[in-house]
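One-letter residues, chain by chain:
There are 4 protein chains.
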Amino acid sequence: MSSIKPLPNFLAQRYHGWKATTYDENKAWYRLLASEGQRPRAMVISCCDSRVHVTSIFGAEQGEFFIHRNIANLVPPFEPDGDHHGTSAAVEYAVTVLKVAHVVVLGHSLCGGVNGCLKMCSGEAPELEKSSSFVGRWMDILRPGYERIADVPEEEKARALEYQAVLVSLENLLTFPFVKERADAGLLSLHGLWTDISEGTLHSYHPDDGEFHPV
Amino acid sequence: MSSIKPLPNFLAQRYHGWKATTYDENKAWYRLLASEGQRPRAMVISCCDSRVHVTSIFGAEQGEFFIHRNIANLVPPFEPDGDHHGTSAAVEYAVTVLKVAHVVVLGHSLCGGVNGCLKMCSGEAPELEKSSSFVGRWMDILRPGYERIADVPEEEKARALEYQAVLVSLENLLTFPFVKERADAGLLSLHGLWTDISEGTLHSYHPDDGEFHPV
Amino acid sequence: MSSIKPLPNFLAQRYHGWKATTYDENKAWYRLLASEGQRPRAMVISCCDSRVHVTSIFGAEQGEFFIHRNIANLVPPFEPDGDHHGTSAAVEYAVTVLKVAHVVVLGHSLCGGVNGCLKMCSGEAPELEKSSSFVGRWMDILRPGYERIADVPEEEKARALEYQAVLVSLENLLTFPFVKERADAGLLSLHGLWTDISEGTLHSYHPDDGEFHPV
Amino acid sequence: MSSIKPLPNFLAQRYHGWKATTYDENKAWYRLLASEGQRPRAMVISCCDSRVHVTSIFGAEQGEFFIHRNIANLVPPFEPDGDHHGTSAAVEYAVTVLKVAHVVVLGHSLCGGVNGCLKMCSGEAPELEKSSSFVGRWMDILRPGYERIADVPEEEKARALEYQAVLVSLENLLTFPFVKERADAGLLSLHGLWTDISEGTLHSYHPDDGEFHPV
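For the protein sequence lines, the chains are A, B, C and D, in the order given.
Once you know that position 166 of the first sequence is 166 in the numbering used here, the rest is easy, because the numbers rise by one and skip nothing.
Start counting at 1 in the second sequence, then tack on 1000, and there's your number in the numbering used here.
Start counting at 1 in the third sequence, then tack on 2000, and there's your number in the numbering used here.
Start counting at 1 in the fourth sequence, then tack on 3000, and there's your number in the numbering used here.
In case anyone wonders, no lab produced these hints; they're calculated from the structure.
Since the structure is predicted, the reported quantities are computational estimates derived from the model, not experimental observations.
It is possible that part of the hints are untrue.
[To be verified] DSSO-like, lysine-lysine: derived pairs with alpha carbons at most 30 Å apart: (1) B:1180 - A:130; (2) A:27 - D:3180; (3) D:3119 - D:3130; (4) A:157 - B:1099; (5) D:3019 - D:3005; (6) B:1157 - A:5; (7) A:27 - B:1099; (8) C:2119 - C:2157; (9) B:1019 - D:3019; (10) A:99 - B:1157; (11) D:3019 - C:2027; (12) B:1119 - A:180; (13) A:19 - C:2027; (14) A:19 - D:3180.
Taking the hints into account, I'd like the entire structure generated from these sequences.
So, in structure tokens, the structure goes:
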């Protein structure tokens, strides 16, 4: 395993900067979080994309948000088949163990995963259809969303499918019995967001009219 | 879906604060990231835990790290079986599309997922053994690590298994042909880290002696 | 005094967010409040509890409420003995200098101070009886309230004593000559409230039947 | 007690607005705070002044800050004499029961209490010297601060004494054994702030040069 190496210096240097500043000024809080355990108010499901850091947008501090990040901020449907389901495990832990009050799904513009899904579903990316394509099989979760945007003009399809990535995930979340139960009891609310990387705008899904509106 | 609601005001307020400050002073960079695409230097795989934000520890700015977060920072082995594999999809995208130069696996102290695995493997948490337990089935990935720490004294097992969560993931990463290939070509290096939430220390895995050393 | 440190960054960031948004859009009003002085309509006495912010419940804007917060929203009786009396000083300033029209005492459910008093008075918390216990000595103010709920069933005592924390404070307020005088002249009215943290309900004391009724 | 009345309608109306909006969208969080108890990160000691709401400046949400407000944000020295000490009780509860990581003392411009102290100490307000003046006796806590600003030019004395109200309080906080102990153990840090009501600026005390600097 010669490709496994100690931490590169550029990261070590940054770490030391953090240790001497942020850690030092928050030491008491971090120790409290360690001794008393975490109690985040919300779970956020967002994309791995390096341009969308929920910790930045919401000024998230240590202890505030339980964050799961995957390609295209997707939640698969409830499938208790005994296989590894990383997203479902994260949702289960957040909702049943940590008892978060909110689950926020945060989509974004220019999403590479959503764009791949768009190409795959429209027949332009046969390599993503292969059984061996992890990205393709992951984006299968979004296929129901693609079907719903059949009537959307071509030039608006990317945005529409990014919205669907949020909506399909919210719907799938409600297929989990433990999510549904706490939501019905008024102990959990779900929220759909989409952010434009370039303009820094944030849109929130309003279920009453089924649209995303600027926050 | 009455449990789906618009963004709560406390998050809207924080967002507006970010928009008026951080976004405003970095607008040119964010627009460039949007128009030119992301080009992160590293992928980081870390835990969902609200107390471990890699964006904080490394002062990560927009565009720098492609971040996947799941319970206990685990990577499953290469299993191209056509099912949804969120972690494998993220690794595939980072390595083959974005061509990141580093993959960093960041473990941490007091990990709830690792602790659950410890209890499950030692027979103290039968509920996690159920087929329907997403957390249990996800933590199955770490079972080989549990077997390796059989001789570790009881009071050191938690830390030892947290280290294993990093090591098993690094090993599993190398079972992915596209990871192996780029690593062998010297185009990708892998790094194992572990951070202590309370003390803010960071330990890096050194393959030469097989130990984690403080950075 | 090495434990005294500059403002942590997480608070600085929130402040900058406020400055760029709320302050900016209310600048003219804040400047007027500075140049002309404050003229709050009411004084509110509420608990320090982080879950009860009167500014939130009543949407209090800058300039509207003069707010004193202490453990269990208590007002001690009139004792002009030359010692430091923070609560009495606040009441004196609000009533004689600012000439507020209302004094509102806001109690709440799950009050840690009231619960401590309950345990202390029933003999379960000897540590609170010590002369050196600031919380214990402060809660002494509520002892007369405990005596009045002697006949209340055990499981209703906490709520009953929370009500008493409001009522004893209202009664003590009227022992202050300057409060009595303005109240008798019809220039000041007193109000007793109690809010349920969990349900968000608000109950108002009605002197005609001596009960708290939902608002 | 005919001066005790039910809640005035203007406050009832505001409450109903909050209940239908903020409460409704945060119901799950408030219920969690009720069932699990509060765990604020910081205690804030600020003035009753209606123009300085820390909940606004820091966007404080339910559950985040344990807030004590009194005239001129003062903390008296440690005096375990068995009398009622509301401020000391609040500090004791925050530090020993809630184990907050930070105590922030927030002063402000145009402070009526500080101004009264200035007049009292310079002989211009004999009525505040009376044993029966609660405001006067409360402001006695700040007398040591007045002595230290003897050399400050007349026109800068108000600001200097507002700073002293913060510094004397920080010093007094460290006379409490339970504060000192946790501070020495690195589990608690203290912070001094001063805000300008008119300009919305915020200054933080830096112990290294003994000055307040803009945040």
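Check your understanding: Are the Cα positions of residue 1019 (chain B) and residue 3019 (chain D) separated by 30 Å at most?
Key -> With a Cα-Cα distance of about 28 Å, the restraint between residue 1019 (chain B) and residue 3019 (chain D) holds, given a limit of 30 Å.
Practice item. Starting from residue 1119 (chain B), check that the Cα of residue 180 (chain A) is at most 30 Å away, please. Key: holds (28 Å)
**Study point:** Restraint check for residue 27 (chain A) with residue 1099 (chain B), where alpha carbons must lie at most 30 Å apart
**Key:** violated (36 Å)
Point to revise | Given hint residue 3005 (chain D) paired with residue 3019 (chain D) - CA-CA distance at most 30 Å | key: The given pair, whose Cα atoms are some 22 Å apart, holds under the 30 Å limit.
Review point. CA of residue 99 (chain A) to CA of residue 1157 (chain B), is that 30 Å or under?
Key: The hint holds at about 27 Å.
Check your understanding: Taking 30 Å as the top limit, are the C-alpha atoms of residue 19 (chain A) and residue 2027 (chain C) close enough?
Key -> Answer violated: residue 19 (chain A) to residue 2027 (chain C) is near 37 Å, above 30 Å.
Review point. Is residue 19 (chain A) close enough to residue 3180 (chain D), meaning Cα to Cα at most 30 Å?
Key: This hinted pair holds, its Cα atoms lying about 24 Å apart.
Exercise for review: For the pair we were handed, residue 3119 (chain D) and residue 3130 (chain D), check the Cα-Cα distance against 30 Å.
Suggested key: holds (13 Å)
Practice item. Given the hint that residue 27 (chain A) pairs with residue 3180 (chain D), test it: the Cα-Cα distance must not exceed 30 Å. Key: holds (16 Å)
Check your understanding: Are residue 1157 (chain B) and residue 5 (chain A) close enough, with their CA atoms no more than 30 Å apart?
Key -> The given pair, whose Cα atoms are some 24 Å apart, holds under the 30 Å limit.
Practice item. With a cut-off of 30 Å on the C-alpha distance, tell me whether residue 3019 (chain D) and residue 2027 (chain C) pass. Key: holds (28 Å)
Practice item. Could you grab the alpha-carbon distance between residue 157 (chain A) and residue 1099 (chain B) and see if it respects the 30 Å cut-off? Key: holds (27 Å)
When the structure is compared with the earlier hints, violations turn up for hints 7 and 13 and for no others.
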